[in-house]
Each structure stands twice: as structure tokens, then as C-alpha cells.
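Produce the complete structure using the sequences and hints provided.
First to last, the sequence lines map onto chains A and B. So for the first sequence, my numbering puts the first residue at 1; every next one is plus one. So for the second sequence, my numbering puts the first residue at 1; every next one is plus one.
Fair warning: there could be bad hints in the mix.
Straight-line alpha carbon distances no greater than 27 angstroms define the calculated BS3-like cross-link-like pairs of lysine-lysine that follow [to be verified]:
#, chain 1, residue 1, chain 2, residue 2
1, B, 45, A, 82
2, B, 153, B, 117
3, B, 43, A, 52
4, B, 128, B, 153
5, A, 52, B, 45
6, B, 43, A, 84
7, B, 45, B, 55
8, B, 57, B, 43
9, B, 45, A, 84
10, B, 57, B, 68
11, A, 84, A, 52
12, B, 43, A, 82
If you are wondering where the hints come from, they were derived from the structure by calculation, not from laboratory data.
As a plain string of letters, each chain reads:
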Amino acid sequence: MAASNNPMEQFAIHTLKPLSVSGFDVSFTNSALWMLVALGGIAIFLIIGTMKPEVIPGRWQAALEYVYDFVVGVVDENVGPKGKAYVPLIFSVFVFVLACNLLGLIPWVGSFTPTSHIAVTLALALIVFVVVLLVGLINHGFHFFTFFWPKGMAWPLALFIMPIEVVSFFVRPFTLAIRLFANMTAGHVLLKVFATFVVALGSFDLIPYVFGIVPLAVNVALSALELLIALIQAYVFALLASIYLNDAINLH
Amino acid sequence: MPQFEPANFLPQMVWLVVAFAILYFVIVQSTLPRLARVIDQRKAKVDSDLAAARKAKDEADALAEQIKAELQRNREAALARIGEAKAEAANSSESRLAAAEAEATGKTDAAEARIAKACEDARSELRKVASESAQAIVTRLTGKQPSESAVTKAVDAAMAR
Numbered sequence: 001m002a003a004s005n006n007p008m009e010q011f012a013i014h015t016l017k018p019l020s021v022s023g024f025d026v027s028f029t030n031s032a033l034w035m036l037v038a039l040g041g042i043a044i045f046l047i048i049g050t051m052k053p054e055v056i057p058g059r060w061q062a063a064l065e066y067v068y069d070f071v072v073g074v075v076d077e078n079v080g081p082k083g084k085a086y087v088p089l090i091f092s093v094f095v096f097v098l099a100c101n102l103l104g105l106i107p108w109v110g111s112f113t114p115t116s117h118i119a120v121t122l123a124l125a126l127i128v129f130v131v132v133l134l135v136g137l138i139n140h141g142f143h144f145f146t147f148f149w150p151k152g153m154a155w156p157l158a159l160f161i162m163p164i165e166v167v168s169f170f171v172r173p174f175t176l177a178i179r180l181f182a183n184m185t186a187g188h189v190l191l192k193v194f195a196t197f198v199v200a201l202g203s204f205d206l207i208p209y210v211f212g213i214v215p216l217a218v219n220v221a222l223s224a225l226e227l228l229i230a231l232i233q234a235y236v237f238a239l240l241a242s243i244y245l246n247d248a249i250n251l252h
Numbered sequence: 001m002p003q004f005e006p007a008n009f010l011p012q013m014v015w016l017v018v019a020f021a022i023l024y025f026v027i028v029q030s031t032l033p034r035l036a037r038v039i040d041q042r043k044a045k046v047d048s049d050l051a052a053a054r055k056a057k058d059e060a061d062a063l064a065e066q067i068k069a070e071l072q073r074n075r076e077a078a079l080a081r082i083g084e085a086k087a088e089a090a091n092s093s094e095s096r097l098a099a100a101e102a103e104a105t106g107k108t109d110a111a112e113a114r115i116a117k118a119c120e121d122a123r124s125e126l127r128k129v130a131s132e133s134a135q136a137i138v139t140r141l142t143g144k145q146p147s148e149s150a151v152t153k154a155v156d157a158a159m160a161r
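Structure, rendered in C-alpha cells:
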């Protein structure tokens, strides 16, 4: 199999401009480029949507408000009235993950999905985790750590449960990161595998092209599914981020 | 798998933090509050409009209630007036009827009295005439004038029959 048929090749990181800050490698890569592309897309959407905000919204504003209302709904449902201040954060997380997920679905050889890299998703999850930790500590001080003590439980049992609570708390950024990365990677591998089938079956010498139609149709269907997954994973990421925020704001 | 290449981690994580910081601190903070403000404005407008509509409805309801009460009052007054008028009419017609009846009775009595008097007059006239004629007849037959008292007596006896 040629190198270009390797389904993992789409995840390859190419350094576009080697950079280094005090010995640390911070090269500008295709991953960074696509993050900036996502940023640009979001910026255009947000700037046009809020160019001249009206009580009766125009198309762009209505579209932006739809997304905004969605995020407000998620935060309001999971955190309550105290969560209002964190809407911009959850909104940023949601649109960033969504934009990265969707950009990777452009059927073009140069497209890249930053969220298919665990480094990216882990960094994002760690940002959320650190914010949650800070919000919890600022709001409740060291009282925040009573979060690990299961409430209303007989103490011998609680003693066993507490380590589980601690582990499940500190494992959160990793589950958050792995969920998104795994979903994106799996989807793109699947798309790529079927795409190679299109070429392999379509280049059958006796009856050219005909057999390529089947995997192509599968790929079209898979693309629709991946669109759904891109949306759902962005939603799940934002949802879990707001659930974690809720723990920090409204200590149980 | 390029995802697990340790060399790929740091540049991506750094760039993600940079990109996310730009997104959160620059793009979102400069645009989203404008949207939130206009959404709040809309909510305030809708709420105030709704409140105004509710107030107007309440006012209209109160007015309708007032009109209804007034109508009811007027109807009752009218009914009372009608009853009064009816009673009055009944009263007055009764008294007029009584007066008319009394008048009619008076007239009848007077007429009866006149008739009785006429009858009596006629009788006394008849007696006079009968006495005179009887006197004349007796005088012609006997050539002797009968006494007036005898004639009257005889006439009376004949008339009593």
C-alpha cells in the first residue's frame, strides 16, 4: 500500500514554520493553521452577527442568536442563574470544538481536524478543568474539597467512596479529551478507509468506476453521520464543561 | 499514529491555548455582550409590551364591569318605574271607574225618581180627570150634583182595583 493510502496519514503534523521559545518547540504547524482557520470562521460569524444588533434580528444575527440561545440553555439547565457569567466561556468552547470538527469534514486533501489530536483536546479539557478548579476554590475556598466526601453516607462507606470520587474528579480532563479525540479520529479513519475503497474498487480494470459507487455512497452517508457526530461531540464537550462548572459553583 | 507522537504535543497545546485565548478574550468578549444586550433589550421590550397589554386588558375589563353594573342599575330603575306607572294607572282607572259608576248610579236614581214622579203626576191627573168626568156624568144622568168627597171616594175605590 502506498503511503497516501494510510488512513493515519491525514492526522500527520507538518511543521509550516519552525518556532521555538526559550528552547521549547512551538512550531506553527498545519494543526495550528486550522485552529486559526476555525478562529477566523468563528470571528466572521460573530462579527457579522453582531455588526448592528437589532431587536428584530437579521439573518446573521438570528443564526448567531440560535447558537447563543442554545449555549445559554445548556448553561442555564445545568448551572442555573449563577452560570450566566460563564456563558461566554462555554460558548467559546462549544463554537471552537464545533468549528474544528466541521472544518475537518471538508472533503479536501489539505483539510485537517485539530480536534482529532489528543494534544488539542487535552489542552482544551485542561483549560476547562483549571477554570472549574479555580472557580470552585474562589467560590468555596478549601471547602470545595468537601465535594469529594459523599454527602449523607455512613462514614465507613464514605471512606471507601472518597478515593473513587477523587479519582473520578481528576480523571475528568482525560475522559473529556479522549472522548472527543477518539470520536473524531475514528470517524476520519472510517471515512478515509472507505475513500481508499472507492479508488481500489473503481480502478478494477474490466469494469472501471462501477464498483467504486458503493463505497462512495457509504462515504456520503458516513459524512452525514460525521456531521451529526461533529455537532454532538461539540455539544457533549460544552455540556460536560457546564456540568463540571455546576459542581464548582453549586457545591452539592 | 501521529496523535501519540510526543513531539507533536507541545506545539499544538501552545497554539490551542493561544487560539482559545484569542477566541475568548478578543473575539467573544468583543461581540457576545452586544448580542446579550440586544437580547435583554428585546426581552425587556416584550415584557413591557405584555405588561402594557395586560394593564389595558384589565382596564377594559374594569370598564366593561362598570358598564354592566350601570346597565343593570338602569334596568332595575326602569323596571321600578314601570311597576310604579302600572300601579298608578291601575289606581287611577279604578277611581275613575268608581266615580263613573257613582255618577251612573246617581243618574239612574234620578231618572227613576223622575219616572216615579211622572207616574204619580199621571195618577193624580188621572184621578182629577176621572173625578171631574165622573161628576159630570153623574150630574148629566141624575141632574144632581154629587158631593165631591163621594166622587173622590168612588174614584179612589175604582183606581185601587
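For each hint, the structure was consulted:
Annotation: proposed proximity of residue 45 (chain B) to residue 82 (chain A) holds, straight-line Cα distance about 24 angstroms (limit 27 angstroms). For the given pair, residue 153 (chain B) sits about 23 angstroms from residue 117 (chain B) by alpha-carbon distance, which is consistent with the 27 angstroms threshold. Between residue 43 (chain B) and residue 52 (chain A) the alpha-carbon distance is near 18 angstroms, which keeps this suggested pair within the 27 angstroms criterion. Proposed proximity of residue 128 (chain B) and residue 153 (chain B) is supported: the alpha carbons are some 12 angstroms apart, at most 27 angstroms.
Of the pairs offered as hints, the one joining residue 52 (chain A) and residue 45 (chain B) holds, with about 18 angstroms between alpha carbons and a cut-off of 27 angstroms not exceeded. Using a Cα cut-off of 27 angstroms, the hinted pair residue 43 (chain B) and residue 84 (chain A) holds, with the two alpha carbons roughly 16 angstroms apart. With a C-alpha separation of about 15 angstroms, the suggested pair residue 45 (chain B) and residue 55 (chain B) falls inside the 27 angstroms cut-off, and the hint holds. Distance check on the hinted pair: residue 57 (chain B) and residue 43 (chain B) sit about 21 angstroms apart at the alpha-carbon level, within 27 angstroms; holds.
Using a Cα cut-off of 27 angstroms, the hinted pair residue 45 (chain B) and residue 84 (chain A) holds, with the two alpha carbons roughly 21 angstroms apart. A distance of roughly 16 angstroms separates the Cα atoms of residue 57 (chain B) and residue 68 (chain B); the hinted pair therefore holds under the 27 angstroms criterion. In summary, the hint linking residue 84 (chain A) to residue 52 (chain A) is supported, as the alpha carbons are separated by about 23 angstroms, within the 27 angstroms threshold. Note on residue 43 (chain B) and residue 82 (chain A): the hinted pairing holds, with a Cα-Cα distance of about 19 angstroms set against a maximum of 27 angstroms.
Going down the numbered hints, you'll see the structure goes against none, and every one checks out.
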